[in-house]
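Q: Residue numbers (our numbering), protein chains in the order written: chain F, 13 to 345; chain U, 13 to 345.
Derived from the structure by calculation, the hints contain no laboratory data.
All values derive from a computational prediction rather than experimental measurement.
C-beta: ideal position from N, C-alpha, C; glycine also.
Treat the hints loosely; a few may be bogus.
Straight-line distance between alpha carbons at most 35 Å, and here's what the computed DSBU-like set of lysine-lysine pairs gives [stated by the list, open to error]: (1) F:K37 / F:K217; (2) U:K154 / F:K154; (3) F:K344 / F:K308; (4) F:K217 / U:K26; (5) U:K26 / F:K179.
Residues of chain F clear of chain U, computed beta-carbon distances all greater than 12 Å [claimed, not checked]: (6) H69; (7) S200; (8) Q225.
Now the stretches of chain U that chain F is said to cover, found in silico as 3 or more residues with beta-carbon under 8 Å [stated by the list, open to error]: (9) 138-146; (10) 231-240; (11) 286-294.
2 protein chains.
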Amino acid sequence: MTAGTNRQILLIEKPTGKLAPEHFKLHDAPMPEPDDGEVLLRVLYISLDAANRAWMHGATYRSAIETNTVMAGGGLAEVVSSRAAGFAPGDLVFGDTGWQTFAAVAAGHLTKLPRLEPLTYLLSVYGIAGLTAYFGLINVGKPKAGETVVVSAAAGSVGSLVGQIAKIKGCRVVGIAGGADKCRWLTSELGFDAAVDYKAGPVFKALKAAAPQGIDVYFDNVGGDILEACLFQMNQFGRIACCGAVSQYDGPPSATGPRGVPGLIVVKRLTMQGFIVMDFDAQRPQALADLQAWVKAGKLKVQEDIIDGLANAPRALVGLLAGDNRGKRMVKV
Amino acid sequence: MTAGTNRQILLIEKPTGKLAPEHFKLHDAPMPEPDDGEVLLRVLYISLDAANRAWMHGATYRSAIETNTVMAGGGLAEVVSSRAAGFAPGDLVFGDTGWQTFAAVAAGHLTKLPRLEPLTYLLSVYGIAGLTAYFGLINVGKPKAGETVVVSAAAGSVGSLVGQIAKIKGCRVVGIAGGADKCRWLTSELGFDAAVDYKAGPVFKALKAAAPQGIDVYFDNVGGDILEACLFQMNQFGRIACCGAVSQYDGPPSATGPRGVPGLIVVKRLTMQGFIVMDFDAQRPQALADLQAWVKAGKLKVQEDIIDGLANAPRALVGLLAGDNRGKRMVKV
Numbered sequence: 013m014t015a016g017t018n019r020q021i022l023l024i025e026k027p028t029g030k031l032a033p034e035h036f037k038l039h040d041a042p043m044p045e046p047d048d049g050e051v052l053l054r055v056l057y058i059s060l061d062a063a064n065r066a067w068m069h070g071a072t073y074r075s076a077i078e079t080n081t082v083m084a085g086g087g088l089a090e091v092v093s094s095r096a097a098g099f100a101p102g103d104l105v106f107g108d109t110g111w112q113t114f115a116a117v118a119a120g121h122l123t124k125l126p127r128l129e130p131l132t133y134l135l136s137v138y139g140i141a142g143l144t145a146y147f148g149l150i151n152v153g154k155p156k157a158g159e160t161v162v163v164s165a166a167a168g169s170v171g172s173l174v175g176q177i178a179k180i181k182g183c184r185v186v187g188i189a190g191g192a193d194k195c196r197w198l199t200s201e202l203g204f205d206a207a208v209d210y211k212a213g214p215v216f217k218a219l220k221a222a223a224p225q226g227i228d229v230y231f232d233n234v235g236g237d238i239l240e241a242c243l244f245q246m247n248q249f250g251r252i253a254c255c256g257a258v259s260q261y262d263g264p265p266s267a268t269g270p271r272g273v274p275g276l277i278v279v280k281r282l283t284m285q286g287f288i289v290m291d292f293d294a295q296r297p298q299a300l301a302d303l304q305a306w307v308k309a310g311k312l313k314v315q316e317d318i319i320d321g322l323a324n325a326p327r328a329l330v331g332l333l334a335g336d337n338r339g340k341r342m343v344k345v
Numbered sequence: 013m014t015a016g017t018n019r020q021i022l023l024i025e026k027p028t029g030k031l032a033p034e035h036f037k038l039h040d041a042p043m044p045e046p047d048d049g050e051v052l053l054r055v056l057y058i059s060l061d062a063a064n065r066a067w068m069h070g071a072t073y074r075s076a077i078e079t080n081t082v083m084a085g086g087g088l089a090e091v092v093s094s095r096a097a098g099f100a101p102g103d104l105v106f107g108d109t110g111w112q113t114f115a116a117v118a119a120g121h122l123t124k125l126p127r128l129e130p131l132t133y134l135l136s137v138y139g140i141a142g143l144t145a146y147f148g149l150i151n152v153g154k155p156k157a158g159e160t161v162v163v164s165a166a167a168g169s170v171g172s173l174v175g176q177i178a179k180i181k182g183c184r185v186v187g188i189a190g191g192a193d194k195c196r197w198l199t200s201e202l203g204f205d206a207a208v209d210y211k212a213g214p215v216f217k218a219l220k221a222a223a224p225q226g227i228d229v230y231f232d233n234v235g236g237d238i239l240e241a242c243l244f245q246m247n248q249f250g251r252i253a254c255c256g257a258v259s260q261y262d263g264p265p266s267a268t269g270p271r272g273v274p275g276l277i278v279v280k281r282l283t284m285q286g287f288i289v290m291d292f293d294a295q296r297p298q299a300l301a302d303l304q305a306w307v308k309a310g311k312l313k314v315q316e317d318i319i320d321g322l323a324n325a326p327r328a329l330v331g332l333l334a335g336d337n338r339g340k341r342m343v344k345v
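With the rest of the complex left out, here is chain F (with noise of 0.2 Å):
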């Protein structure tokens, strides 16, 4: 990259299949120039997420992600210079920049951070992983002390954290992870009572055994055949918060869903509720001081699984999608 350039990963091809790597390239563009109301900003970390491939799929809470442009992403970024009142040099801010060292936002869809250590804390425990795990856990699942709480992708971002939330609210808690590693690292580590490897064999057996007084609350990352293995074992008045799909996610949309549905719905009258980070904005504050209170006082481990080179992103989201990561995988800029 030569000084005045921003170095960009554009998608070329929407996947039909599983996304590769061959559908991006990097492309060098101008420096961009922001216009009224907008910031320039030095992108620091992007936030890779499974809800990144869904986005190519179409329309969801978001637009679509068009072909030849930036992919779009969560990035951690500081401004290099403001054309936005209350936005100024050195500022951090969240927003959408988009896979590229440097993006002109509108400062309206900006949000200030304040500046701590380490600083990949605000993608990770107090971003949009732990907001996510926080509402969805507390706002939607409504777990009660005493009460079964199981969670898929548990090794993942918002999973893991989920877990441990629950654990500090006198929950039994198990998780679902991809590999013995993982589920060793649950339960040694992070202190879930039990870890189910999916990858092992049937989920629906070990999950059984795993969770002996049913499930109370499940927090649905996964969809597929392990929402239908947890329907299956929901007590009466059971909450699923439904978070993700990310097995639905890379590749054709499923032909059929979840056996049970409605039926289990009805005669265990079991609420599933979609969710998403920003219904909550209001509750932030609370949240955030919640999360920071845990860390400090060493309730909550996070995790961080950081790749370094913007030019590895295409790479690192396809990994992310098959499951390599522990924690909140972010790429450095």
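Take the given structure of chain F and dock chain U to it, following the hints.
A: For chain U alone, kept in the frame of chain F given last:
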């Protein structure tokens, strides 16, 4: 039937496919003798409900029905003699009397009912059907004036009331029912804004035309393809009240669920909630007061479909599962 005998209908075989009259038989048993704490009841009317069929599949919110026992079902009955405090000859009660002319039932399983005219309203609008419509729509669906409410099995006992209550609440109401006659009845007699005949063609397109603003509340009585069609047309923050899944009852369990679960639930932030009328017992007096006021004011039309004679109950239930009825079907014993 000779004096002193109790005419019963037994379930003699659990259907593996569709239910047929051959799965039942008439049987004359001795008159039941109430134990201490029980009352002897003369059954006046038996409620026929799609749920009767679901009970044959196994334990639901009640234990499974066994073969060679009296077919289970709710009944409106009169106390003949009482060995329980608080019950006297002539009292009217509702309880699971089963399909028979007399029953001895524990007082704790009975609900005392006021005498009113017509008596059958105690099984329809003031019975489980009316309360299910009321609580499911108001407490689970939470409709706001101006929103679009869609209800399936709309010409049935529950659906026909759901749509009318939604109109009372100021909503735009679309009913889904089978056949042009039922659909015409919904719009011309019951005040629905539109009706979709699921037998006339694909539901998705017709529903899109009938609910051009999308769906805010879907009251689901049927599950299956119709639930799927509605899921794809729900608005953000929409609510699905899961009341039943009659499309799934009369045959082997479905091998798949609706597409879009959980993907659409997440991106649209939907809530799907199952419920059973008993969950709202504490709010029954208010519900009954509202229902009675609406009936008296002519805002709620009550449609009943009364089949004469206990022996006709099997055929009447089979017909109900095929959608033959309009409004609340019951058997006059």
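Q: Check each numbered hint from earlier against the structure, then list the numbers of those it violates in ascending order.
A: Checked against the structure, the hints that fail are numbers 1, 5, 6, 9, while the rest are satisfied.
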